[in-house]
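*Asks:* Sequence:
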Amino acid sequence: WRRRYCCGGRGWRGPEEAVSRARTALRVLLSKALLTRPAIACSATEERRLLACKIHTSPRSLAGSKAASLHWTGERAVSVFLLGLLPAAYLYPGPVVDYTLAAALTLHGHWGLGQVVTDYVHGETSFKLASTGLYLLSAVTFAGLCYFNYQDVGICKAVAMLWSL
1 WRRRYCCGGR GWRGPEEAVS RARTALRVLL SKALLTRPAI ACSATEERRL LACKIHTSPR
61 SLAGSKAASL HWTGERAVSV FLLGLLPAAY LYPGPVVDYT LAAALTLHGH WGLGQVVTDY
121 VHGETSFKLA STGLYLLSAV TFAGLCYFNY QDVGICKAVA MLWSL
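Here the sequence shown stands for residues 1 to 165, where the numbers follow full-length UniProt numbering.
Rather than coming from a laboratory, the hints here were simulated on the basis of the structure.
Don't take each hint at face value.
Below are the SDA-like pairs computed for lysine to any residue, each with C-alpha atoms no more than 25 angstroms apart in a straight line [what the hints assert, rightly or not]:
#, residue 1, residue 2
1, Lys66, Gly94
2, Lys157, Phe81
3, Lys128, Gly74
4, Lys157, Leu107
5, Lys128, Thr118
6, Lys128, Glu75
7, Lys128, Lys157
Construct the complete structure from the given sequences, taking the supplied hints into account.
*Replies:* Shown next as structure tokens:
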């Protein structure tokens, strides 16, 4: 029983076979072929077709670009700036803080929704439409916040009035 279970019924062939199997298993585990394995079971012909295609884990065209790194740094800088701006808006409400808050919130929202569009909208036409819609939404948001700051009490006072309810 043990011989059939452990060795597939062929018997033990020596330590060389064990080392060879271990090396083969290690090569398979470290190969990029595992990136193309389907999540569900499929037939052998479908699996061969999937193994024939390659998946690149990072785009080669953007590998040397510093623009993506600078954009990421800018996003984090705006997020940290907002963390400091929110207490400042509470302590020193006024038009300068209101308009700065309008710009920072709009930019933060635009970049966040831009990542959603990049991740979840596929196809060239759909992507262009979604990007155009995002730019329109951001422009209308900024214009609306500026209009609210100019014509009404402003963002800081409006939030203070909501808190006083």
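*Asks:* What hint numbers does the structure not satisfy?
*Replies:* 1, 7
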